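Trainee: Listed below are the residues making up each chain.
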Amino acid sequence: MTFTTHTGNRGLVLEEKLIFEQGQPGRTGVDLPEPKGTKTRLGGLDRESDVGLPGLSEPQVVRHFTRMSQKNFGIDSGFFPLGSCTMKHNPRLNEKVARLPGISDLHPMQPESTVQGALELIDQCAHWLLVLTGMPAVSMSPAAGAQGELCGMMAIRAALDARGENRRRVLVPESAHGTNPATAAACGFTVDSIPATEDGRVDLAAFEAKLGDDVAGIMLTNPNTCGLFERDVRKIADLVHAAGGYFYCDGANFNAIVGRVRPADLGIDAMHINLHKTFSTPHGGGGPGSGPVVFSDALAPYAPIPYVVRTENGFHLVETADEEDGKKPFGRLKGFHGQMGMFVRALTYMKSHGADGLRQASGDAVLNANYLLARLKDKLSVAFPGYCMHEALFDDSFLKDTDVSTLDFAKAIIDEGFHPMTMYFPLVVHGALLIEPTETETKESIDQFCDAILSLVAKAESGDAEFFKNAPYLTPRRRLDETAAARKPVLRWKPETA
Amino acid sequence: MTFTTHTGNRGLVLEEKLIFEQGQPGRTGVDLPEPKGTKTRLGGLDRESDVGLPGLSEPQVVRHFTRMSQKNFGIDSGFFPLGSCTMKHNPRLNEKVARLPGISDLHPMQPESTVQGALELIDQCAHWLLVLTGMPAVSMSPAAGAQGELCGMMAIRAALDARGENRRRVLVPESAHGTNPATAAACGFTVDSIPATEDGRVDLAAFEAKLGDDVAGIMLTNPNTCGLFERDVRKIADLVHAAGGYFYCDGANFNAIVGRVRPADLGIDAMHINLHKTFSTPHGGGGPGSGPVVFSDALAPYAPIPYVVRTENGFHLVETADEEDGKKPFGRLKGFHGQMGMFVRALTYMKSHGADGLRQASGDAVLNANYLLARLKDKLSVAFPGYCMHEALFDDSFLKDTDVSTLDFAKAIIDEGFHPMTMYFPLVVHGALLIEPTETETKESIDQFCDAILSLVAKAESGDAEFFKNAPYLTPRRRLDETAAARKPVLRWKPETA
Amino acid sequence: MRYLPLTRADRAAMLEAIGASSVDELYSDVPEGALLDAPVDLPSHLGEMQVERDMMALASKNIGASSVPSFLGAGAYRHHVPATVDYIIQRGEFLTAYTPYQPEIAQGTLQYLFEFQTQVASITGMDVANASMWDGATSCAEAVLMACRATRRKKAVLSGGVHPHYREVTETYCQYSDTEVAGRDGNPEQQASVEELNDLIDDQTACVVVQYPDVFGRVQDHTQLAEVCHAKGALLVVVFTEAVAFGAIKSPGSFGADIVCGEGQSIGNALNYGGPYVGLFATTQKLVRQMPGRLCGETVDQDGKRGFVLTLSTREQHIRREKATSNICTNSGLCSLAFTVHMSLLGEDGYRRLATLNHENACKTADALDAVSGVTVVNDSFFNEFTVKLSKPAAEVVETLVSKGVLGGVPLSRLYPNRSDLDHYLLIAVTETNTDEDIAALVGALKEALA
Amino acid sequence: MRYLPLTRADRAAMLEAIGASSVDELYSDVPEGALLDAPVDLPSHLGEMQVERDMMALASKNIGASSVPSFLGAGAYRHHVPATVDYIIQRGEFLTAYTPYQPEIAQGTLQYLFEFQTQVASITGMDVANASMWDGATSCAEAVLMACRATRRKKAVLSGGVHPHYREVTETYCQYSDTEVAGRDGNPEQQASVEELNDLIDDQTACVVVQYPDVFGRVQDHTQLAEVCHAKGALLVVVFTEAVAFGAIKSPGSFGADIVCGEGQSIGNALNYGGPYVGLFATTQKLVRQMPGRLCGETVDQDGKRGFVLTLSTREQHIRREKATSNICTNSGLCSLAFTVHMSLLGEDGYRRLATLNHENACKTADALDAVSGVTVVNDSFFNEFTVKLSKPAAEVVETLVSKGVLGGVPLSRLYPNRSDLDHYLLIAVTETNTDEDIAALVGALKEALA
Ligand SMILES: Cc1ncc(COP(=O)(O)O)c(C=O)c1O
Ligand SMILES: Cc1ncc(COP(=O)(O)O)c(C=O)c1O
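Protein chains in written order, with my numbering: chain A, 1 to 498; chain B, 1 to 498; chain C, 1 to 451; chain D, 1 to 451.
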């Protein structure tokens, strides 16, 4: 029965105003001692006007954010096969450990003698990453994958500068994530696209043709964003090296191969690792992440400050560029020393799995993706032939005659109780649907998803395009008008002018 | 648009099977070391058969309970005016403090020297309760309000026994909570009901008439379950004392008077305090609670073991009946020493409020209830005239000609996004609706509730009884068949027999 | 005050709507002189930081059981509780809900109660279980009262192996309802025989209560006792303090017990210095309607979908008042959720392995202690707890161990303060949380203490 | 393994459905020899209890900042974070969601981002703010790059009052994009004048960057500087490290700043040994389309109900690729939630009072230190942090203080390792968390250390 309630609430789905619409002067959610009225020493800049913050009591605040949370879908809610994002289970143990006072309550400028455990933790985390990648060096400071890319590409710039070479062209496959070209540009490189082959990999011939002495290197994602292993990765490495360039590997998809393939064995020079993907630090609705970068011997000297070294007197944090002989750090990427809160979670995750569990995890991730692929391949249009890695890519040709778009299809999936896959990425495929189940999903959950997808395909084929165009129907908000939002942006609340 | 999804899910509202329907042999949510295979010493009683527990992975378990939680309404969700239950805000600070290892990780049988802080905490909590009630003694052990009643009534039995008197009749107002007669009966008393007056209080004349030398005492709730202060409470105390009986006060509604009226000043002999109501320890979906009982001098010697005393050498826990001279404990009510986890929360709550804040809280609770009463009194039928205390009571006469029952009306409230009030209690009022907003609600939230109620009254009056009979419409489950449940009880899951 | 949203302006507007001149006016029914006009003599409100520091100061005056090698049991057991458990029970939708009287918006609570009941029934080997009691000791008392109702008899025989707190609570509950509690305190050196208990059963005996494993840690078969009871028209009640045990030993249900109840703290719940804990209560299909406490049952909603409700409430105080099967109302809801979550994580394999590890660790400790001069392990059988006899009074030894940084066990004198014959006995519990270093520390400290 | 639900039977069934004989077969694209056939050389999996103990052992090798009197700032500040904050950010629906690309099931995240943006704009006094950057230092660098885009110029002048990490990160970001970073390191004894900075502004200067309060704690008015900048076609960028400050001092927006950005850790976020933190980034309406990072905007849904979406994404890498305003993708989502929750609790009154308390505590400490022989307070003005000159090298003194159980501040030599002229300076931060006892401990320890 459809009807409108007086409140606008719908049972357990409660409408929630902005905090700014709920405040009352004189209300507060904290109790702070009365100030003494000391004469200020604020350089005459004492604030005189109101800030404009609303006053809410603690109960209001708790309810506000509780209700808002209930309008979100997370991994804890259900199947979340967002391709390229590795939405795996986030263990609560990691949250608990990250909150130990001996970890969360450390100031980054404490004397080293008071943070030996923290430095050891960073060192341990680094050690696991080095062994898993087979690489000789790692920089722990990048704040996320994109900053990891910056870190790697700057090291390449620094290495080229050291060689006195002015190489400025970077080869980037068309299928690359947007951060790759953006990063290359931020480092002063020009981006040269490499086309993909029919089977979703780098076109080796085209790649080779593009090599030259102005080529700084290649940024290659492997497994790539089509969910495929770059078969020719070693050849690519050899070729780029032979041409005097470096091999930056985007490691966003490391989850497919952890404990089974060491990137070092493929000939890479640098690779970032998204701890918030492969090593399960929570995505947090957009972050924070962490993007450590492993380096080959060729690039290691240029790794940024700071970094941890083990000395006779314990662990030491190198914070200046000129402290160590033979090191030529390209600079500093971030305040302080990296995403400690993420290291502790990632290390907890790695220790929990162990070498055996990590290997099992990547195998299960690939198995789940291939199973999903097998179940859907007859009804959806598989983008590229063969086995996939940890994610399965489809194009929208299965929707060809239905007047249903990838977006429409995804919105209908929402009503079925799933988070949609990644849509329209990678760009090399028309109307892409990139599905990454991860290893922490059950076969039952994948089966349920596949059954629902197949039922939707049947519905689309039956000609009910209107149904899809208006989906979703069952969510707290239905399809939102993004065009209107961009046309006349309202980016903050403002008091109504009376 | 109404339609059925393939999965049965509806957007963010996800169907969730029982764990027993999700298990797989060989799956587990814990990693425990391999046993060594030691020869057992289990007296030959080694388990040979399966227990019958399902195997789930940790991600499944997290998702299972997350989804289930989303089908619940709590104080954190919205307005929860469940009369007689004091559903006030539960501060997270209290949860945090209760988890300090120095509190949560104490074994109840640790030597006293290792738990001095715990004993001091109990003593502090007791002190606050004593000052707030004005009483000379308190027993901290009762597990909940009902056990507090048991504690108080057993002390009365013990005192009577000590006096060599065989008084077995207990006077209990008709409006009393079910636990009162149940408790009296459990202590070997017979229950004699006292009627209520037109204005919802004890009928003094009827009460007086029932007094006699077989009367052990009275169990009186004050403020009473009609949300009213018993005006004649002192007279009642005097009369029952004069008749040789004791005055047990049900303190479930203490929230109305904390910091404003000391029960001691009203002449009571014993009163339980529901820490999970007045002092905000979370209701937890049904418990745990805690029901300390304060005693007058007359009953104090009979208080049960254990209890904390302050000695020269620190705090000491008296665990045996014969340890202290002059004390004649009636026994032991519970394993160990009471609901420590609740004491810490209640004490944190009390310290946060302070004497000033507690007084403000009770005043605001009463103000909120009277405001709600004022807003609804013209359209709903007020049970009794005058101001109420912390809750407002209505009967169902406003629904008289509508063919809508109190239950139907309550179910329609659910769709509006509120938890219904207490229904059909107290029994002295026909189709009772007992509404307790508590002090942690805003005026805005009470206004929204009242507006919704008034709109529903209008709807009921408009003759749309069918609408109410089929409510709620917007919940994960609609009205449940309680008759069927009771007729052929299915109280556990059983594997399907093939 | 941070929890109180009403502003001055709100209060004024509300008083006006009410038509009252002040909040005090709303209290006009309070007798002359009883309405205080100023705050009571207690400290003023404090900010969160100050309160937290106050409470931390109290906490710091205690020695946390996990901060040192620790071997205490006697009805409460330290086990590792997965972080998931604590996360789930803190979710506001569980934490801040109450008894699920409105099932349409309480399916979360109701479904876990149904799962809890099934788990409890499964581990105890019984047909059905309720939605929790306050703790093991009160469950024991309620079991006796239930047996009396079911048999219309007025006497209970308690085995000497029953935990003294369980016995005391049972006696307390029974003393004012003309119910006799028979049977004597136990002896760690000698186990009560079926014959002994049999002699105490008469035609007024509603039940015999045994603990399994018993308070001294012994594991005994009660199949024969069940037969004896049933032959005499009495029920067999089996109580327990360590719910992990049933992962390693036969279920009480397999003996033919009529009521099985006890403490569920071990699974999912912290030690909390003794509470809140969670009473588990299971029985046979036949006796369901005599059960105390809440029950959750399966049903369907108006649309035919499966759902859950509280059921058979005609047993309960809010319906039956003085005729109710118990006065219990608020129970141990959230603790039962913790139990359910932990048990769900364990599953068949985890639960059984956990029990095995407990037992193996206890065996290892028993062997190590038996080799210490001045220590004799008394038990032939045990699960994760056993009694040792010391060459010195146990209470003193325990104090000495504290000074050496070891929480060494529970002296029987703490449980039996009037039994001087038990002064030299110490109860030692060993769980999966105890490391080899813990055991070595206990052995070392005991050697020194007894030297 | 507890996180991996596939059973042996599942794996077999799935391989069969796939038509593969083994999991290794799925890796057939991996080059010869690169596919490992055994686990790498790292420890095996561990149970939760073991891992927790391992991590606790690491934690116990550190001295928690709150476990001793502690006065460290320099870009990260210890404040009391209400328990509510940590509860909310742990709710799975927030914690385990990702960037809200599907707004229909991400209104929770989107609404708080909208609130966050409004709060940040409010405290900075700017028109709009984005949905967070990685931290204060990267925000500073991005602000410079944005200024260059907006002005089509290629030089930034950084005031000496800018935190060295912010400067270094800005230099790092600029070095490979032909952007000059001018201006020299600061001096605690002498503040850069408007004239000095003015002299550095040329027609290639995109912006001047000042910190407010500056790295030495000084509070300076930049209204005139804004005018100077604007007159020369440059933007004024104001960075900050202590977001609590704006509760007590005028907003940078009131100076006429064009971009205001900095560190939001202070509000809602733990120290975390330096990360994750949350970069706040605000600007004027005019410059919105030059902003880096995500933006949340208001709109309506198909039924006309208000809702929120990510918007103006044509600025971003996933749409614009090499032409994007920044490469940022994953930002500081959950840290911005923590900020939003804490700020919501504070409200106008709480935010301002918190700032006042910080300032008063800092004044009290400054006075107490000034009275210590060998200590001179350098600052005339400050908010909650100031610089003192010591009679001995600060780094040594800080080590001595550690041995006396005090975390006494940040020696400027840590921030400026190559500036021997700053060796005797110590940066001291004081917040509402510091008690009178803390201050006395610092004073006492300093007296001893300097004696
Ligand atoms: C293939 C790929 N590369 C890089 C990134 C950027 O990583 P981050 O979001 O951590 O900056 C992503 C993130 O989605 C990605 O999928
Ligand atoms: C008036 C009254 N008395 C007693 C009780 C019993 O308290 P408890 O549920 O804590 O046992 C209640 C609980 O709702 C009550 O409302």
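Hints listed in this document are in silico derivations from the structure and should not be mistaken for laboratory results.
As the structure is a prediction and not an experimental result, all values here were calculated from the model.
Hints should not be assumed to be uniformly reliable.
Derived PhoX-like pairs (lysine-lysine); straight-line CA-CA distance at most 25 Å [stated by the list, open to error]:
1) B:K488 x C:K323
2) B:K39 x C:K389
3) A:K494 x D:K286
4) B:K39 x C:K305
5) A:K96 x B:K39
6) A:K96 x C:K61
7) D:K389 x A:K39
8) B:K17 x C:K305
9) D:K286 x A:K488
10) C:K404 x C:K389
11) D:K404 x A:K494
12) A:K469 x D:K364
13) A:K36 x D:K364
14) A:K39 x D:K364
15) D:K305 x A:K488
16) B:K488 x C:K286
17) C:K364 x B:K469
18) B:K36 x C:K364
19) B:K96 x D:K61
20) C:K286 x B:K494
21) B:K488 x C:K305
22) C:K364 x C:K323
23) A:K488 x D:K323
24) A:K17 x D:K364
25) D:K323 x A:K210
26) C:K61 x D:K61
27) C:K404 x D:K61
28) C:K286 x C:K232
29) D:K61 x A:K96
30) B:K494 x C:K305
31) B:K96 x C:K61
32) B:K210 x C:K404
33) C:K61 x D:K286
Pulled a few chain A residues facing chain C out of the computed Cβ check, cut under 8 Å [what the hints assert, rightly or not]:
34) V30
35) T66
36) R92
37) E95
38) K96
Cβ atoms here follow ideal geometry from the backbone N, Cα and C, with glycine treated the same way.
Trainee: Work down the list of hints and note, for each, if the structure agrees.
Mentor: Hints and how they fare:
1. B:K488 x C:K323: Status holds; Cα separation ~23 Å.
2. B:K39 x C:K389: 23 Å, holds
3. A:K494 x D:K286: 17 Å, holds
4. B:K39 x C:K305: Status violated; Cα separation ~50 Å.
5. A:K96 x B:K39: 37 Å, violated
6. A:K96 x C:K61: 24 Å, holds
7. D:K389 x A:K39: The hint holds at about 23 Å.
8. B:K17 x C:K305: 12 Å, holds
9. D:K286 x A:K488: Distance ~13 Å between K286 of chain D and K488 of chain A Cα, so the pair holds.
10. C:K404 x C:K389: OK: K404 of chain C and K389 of chain C at ~20 Å, within 25 Å.
11. D:K404 x A:K494: 51 Å, violated
12. A:K469 x D:K364: 65 Å, violated
13. A:K36 x D:K364: 11 Å, holds
14. A:K39 x D:K364: 11 Å, holds
15. D:K305 x A:K488: 17 Å, holds
16. B:K488 x C:K286: Holds, because 13 Å separates the two Cα atoms, which is no more than 25 Å.
17. C:K364 x B:K469: 65 Å, violated
18. B:K36 x C:K364: 11 Å, holds
19. B:K96 x D:K61: 24 Å, holds
20. C:K286 x B:K494: Roughly 17 Å separates the two Cα atoms, so the pair holds.
21. B:K488 x C:K305: Since the Cα atoms of K488 of chain B and K305 of chain C sit roughly 17 Å apart, the hinted pair holds (cutoff 25 Å).
22. C:K364 x C:K323: 51 Å, violated
23. A:K488 x D:K323: 23 Å, holds
24. A:K17 x D:K364: 41 Å, violated
25. D:K323 x A:K210: 22 Å, holds
26. C:K61 x D:K61: Answer holds: K61 of chain C to K61 of chain D is near 22 Å, not above 25 Å.
27. C:K404 x D:K61: 23 Å, holds
28. C:K286 x C:K232: Holds. K286 of chain C to K232 of chain C sits at ~18 Å (cutoff 25 Å).
29. D:K61 x A:K96: 18 Å, holds
30. B:K494 x C:K305: 18 Å, holds
31. B:K96 x C:K61: 18 Å, holds
32. B:K210 x C:K404: 64 Å, violated
33. C:K61 x D:K286: 59 Å, violated
34. V30: At 6 Å from the nearest chain C Cβ, V30 of chain A passes the 8 Å test, so the hint holds.
35. T66: Where the cut-off is 8 Å and the nearest Cβ of chain C is about 5 Å from T66 of chain A, the hint holds.
36. R92: R92 of chain A check passes; min Cβ-Cβ to chain C is 4 Å, inside 8 Å.
37. E95: Constraint on E95 of chain A satisfied, holds at 7 Å.
38. K96: With Cβ-Cβ at 4 Å, under 8 Å, it holds.
Against the hints set out earlier in the document, violations occur for numbers 4, 5, 11, 12, 17, 22, 24, 32, 33.
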